[in-house]
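Student: Chain by chain, the residues run as shown.
Number of protein chains: 2
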Amino acid sequence: MKLATLRNGTRDGALVVVGKNNSVYASASDIAPTMQAALDRWDEVEPKLRALAEQLEGGQVEGTPVDPTQMMAPLPRAYEWIDGSAYINHIVLVRKARGAEPPATLETDPLVYQGGSGVLLGATDPIEVPNIEWGADFEAEVGVILGDTPRGVKAADASKYIKLIVILNDVTFRNLIPAELAKSFGFFQSKPATAFAPFAVTPDELGEAWKEGRIHLPLNTYYNGEKFGDPEAGPEMHFSFNDLLQHLTKTRAYTAGTIVGSGTVSNDDRSRGSSCLAEQRMLEKIDSGEFKTPFMKPGDTVKIEMLDKAGVNIFGTIDQKVVDAD
Amino acid sequence: MKLATLRNGTRDGALVVVGKNNSVYASASDIAPTMQAALDRWDEVEPKLRALAEQLEGGQVEGTPVDPTQMMAPLPRAYEWIDGSAYINHIVLVRKARGAEPPATLETDPLVYQGGSGVLLGATDPIEVPNIEWGADFEAEVGVILGDTPRGVKAADASKYIKLIVILNDVTFRNLIPAELAKSFGFFQSKPATAFAPFAVTPDELGEAWKEGRIHLPLNTYYNGEKFGDPEAGPEMHFSFNDLLQHLTKTRAYTAGTIVGSGTVSNDDRSRGSSCLAEQRMLEKIDSGEFKTPFMKPGDTVKIEMLDKAGVNIFGTIDQKVVDAD
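From first to last, the protein sequence lines stand for chains Y and A.
If you read the first sequence in full-length UniProt numbering, its first letter stands for residue 1, the second for the next number, and so on.
If you read the second sequence in full-length UniProt numbering, its first letter stands for residue 1, the second for the next number, and so on.
Accuracy of the hints is not assured; some may be wrong.
[Unchecked claim] Sample of chain A residues lacking proximity to chain Y, with all beta carbon distances greater than 12 Å (derived): (1) Asp-12; (2) Ser-27; (3) Gly-63; (4) Arg-77; (5) Thr-202; (6) Thr-317.
[To be verified] If the Cβ cut is set under 8 Å, some of the chain Y residues that face chain A in the computed set are: (7) Thr-105; (8) Val-112; (9) Lys-227; (10) Phe-291.
Just so you know, the hints here were simulated from the structure itself, not pulled from any lab data.
All C-beta atoms in this analysis are idealised placements derived from N, C-alpha and C, irrespective of residue type, glycine included.
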C-alpha cells in the first residue's frame, strides 16, 4: 500500500492512497484526515486504508491523477526525525574528508543524531541555499516511519514497529559541520530541512526486497541530469533498521510517526557512484590530491528514486532544484 | 495568561486556561482542542483564550479545581525540542567533571542540541531509571515555546516569536554521555524523556521579570525534600532566548510549538546551589578530591518551581520520583 499527503492549504495536508503505478490517488480523509492521524490509530485504520487501495486498484473507486508537485512530505512535520549513519563506507570517507578519524566503536555502536522535524520538505520543494560558502550537499537515504514504539525493543522484535518505508534527501551544509562538531553537541545549523519522496509505502510493497530490516534495492541519484550513484541499499547497511531501533529505544520510547533514516547509502564498489557530493570529493582527493566537484549552487538539481525489480518507481521521485534564498 | 493540558485519555490532552492562583481551570476546547492547535492558530485564538482567562478570573466562568496529577506536559509531544546550554558556569563545571575542555567559542557561539520531542513527561510523571549505573541526573531549566518562526531571525526581532514560557527537567544519564560524545554526533541515549511543569504562561505573566529574552527570577530545585539550588535564571544566561533564536534560525525555519530550553540554570555564586547533581559533584571533587553525592536512584525525588516576587508559583511544580523501570 502506498500513502501520500496531498497539499490542501493546511499544515499537515490530507491523507491519500496512491495506486501501485503512481498515476492516481484516492482521498482517505474519511478514514483518517492526515498521515499522522493514521499512524496514531494505525491498527484500526490500516485495514480500511488497504481496502480503499484495493478498490482504487480495481477501479471501484475513481482515482484522481497524481501531480507530484501537489504532494507534501508524507509527514510535513513529524514528532521526531532521527538519522542514523549505517553505511560504514560513507562514515570512513566523510570523516577522511574533514580530517577526522572514524569512531573507535564504528562497527559495534550505531551512529545516530536527532534531526529537526518541524519542517520537512516535499519532493519538489526547492533547496534553499542562503550562502554557497556553507557547502550545500545532498544525501540520498532510505528511512522508516514507526508506530508507537516502547523503550527497550530488541532487534529481533523491532520489525513490527516499522509501519512505512520512505526515501529522503538529508540536505547538509558540509562546511558548517567542523565548527559544530568541535563543540561536541552534534549537528544543528549544518542540517537544514530534509526532503522526502512523495509516497510512503508499507513494507509488503517491497516484497522480497524488504528483508531483516534492510531494503535490498539500489537507490538512484541523478545530479544535474546525470546518474551520480546507484549503490545497493541492502548488504552494506552495517546496522539494519532493526539494529537501529534497539539502539534508539535503550533509554526512551517513541510516538507514532517517528521517522528513522539509514544515513547516506554507500557502497565500497566505486562503480556504484555516490549518494552525496562529499564522498565523490573525497575520492577525487585520494586519487588526484584535490577536491574537484564543487558543492551545490543555485540552479543545480538533484533527483533521487528507487525502482523495484519490475521497474516501478516505488516512492516517486525526489526532484529538487537549488535556489538562492536570501 | 496560563495554559495547561488536561489528561483526557488522548495523546495530546485537552487545552485548559488556568487561573492566576493555580487553583482552578476552565476548558478551552471550544477555542482550540489542544495546545498545539492553539499555537497553530495563535493570532486568532490568543484573544479568545485571554477573554476566557478574564472570565475565569472574574468568576463569570466556573472553574474546576486543578489536580496537578491530571495535567500532562503543556505539549505532551512537540514537533521540536531544542535545548541550549546558555549558562557558562554550568558548561565549565560539567565539562570539568568529565575531563573535557570548554569549547573555544564558549562565549561567542551558543551551544544547542536537538532533543527527542515525541514523548514529553508531565510534572508528576515518574523518572524511569532502568539502570542506576547510567548516572541519572536532573537539570532544572527555563524554556520558551515558539510560534511559527522563519529562517533568518535576528536577536533584536526574536521576542515576537516567543509565545509561551515553561520550566522543565531535562533528565540526563550522565554516564552515557562520554561514549556518545566521543562519536561526535551529540547526545542521544543520554537524554531520556524531558519533564515539564504543568502551566505554560504568556510572557506578560512574568511582568518585569521577563526582560530582553531572559527570566529574572530564581529557579528553585528541591532534592529529596531539601533545597538544592535557587540560582537566578536571568543575569548569567550568557545567550538570551533572543540570541538562541538568532542561532537556531540561521539555516532553517520552525513550526509553531517548537520548544527551546535555556540549559541548566547555574550561578557562579556557590551559595545559590545547583540545578543538577553533576555541578554539585564537581564542586565536591574540586574541594575534597572526590565526588560525594551519588546520582539518582529509585525513591529519590526532585521538585522544581519558580515563584514570582509576590510568591505565586508561576508554572506549578515539577514533582517527580525516580522509579526502577525494568
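Student: Each hint: holds or not?
Tutor: A quick look at each hint next to the structure:
The claim that Asp-12 (chain A) lies off the interface is violated: its Cβ sits roughly 9 Å from the closest Cβ of chain Y, which falls inside the 12 Å cut-off. Annotated as non-interface, Ser-27 (chain A) keeps its C-beta farther than 12 Å from every C-beta of chain Y; the closest such distance is 22 Å. With a closest Cβ-Cβ approach of about 31 Å to chain Y, Gly-63 (chain A) is found to remain outside the 12 Å limit, as its non-interface label requires. In this structure Arg-77 (chain A) is not separated from chain Y by more than 12 Å, as the shortest Cβ-Cβ distance comes to only about 5 Å.
Separation of Thr-202 (chain A) from chain Y is adequate, the least Cβ-Cβ distance of about 21 Å exceeding the 12 Å criterion. Every CB of chain Y lies more than 12 Å from the CB of Thr-317 (chain A), the least distance being 23 Å, so the non-interface label holds. Evaluation of the Thr-105 (chain Y) hint against chain A yields a held restraint, the C-beta minimum of about 7 Å falling below 8 Å. Below 8 Å, beta-carbon pairs count as interface contacts, and Val-112 (chain Y) has one with chain A at about 6 Å; its hint therefore holds.
Residue-level restraint check for Lys-227 (chain Y) is violated (minimum Cβ-Cβ distance to chain A is 29 Å; threshold 8 Å). For Phe-291 (chain Y), the suggested interface contact is broken, since its CB lies about 22 Å from the closest CB of chain A, more than 8 Å.
Violated hints, listed in ascending order, are 1, 4, 9 and 10; each of the other numbered hints is respected by the structure.
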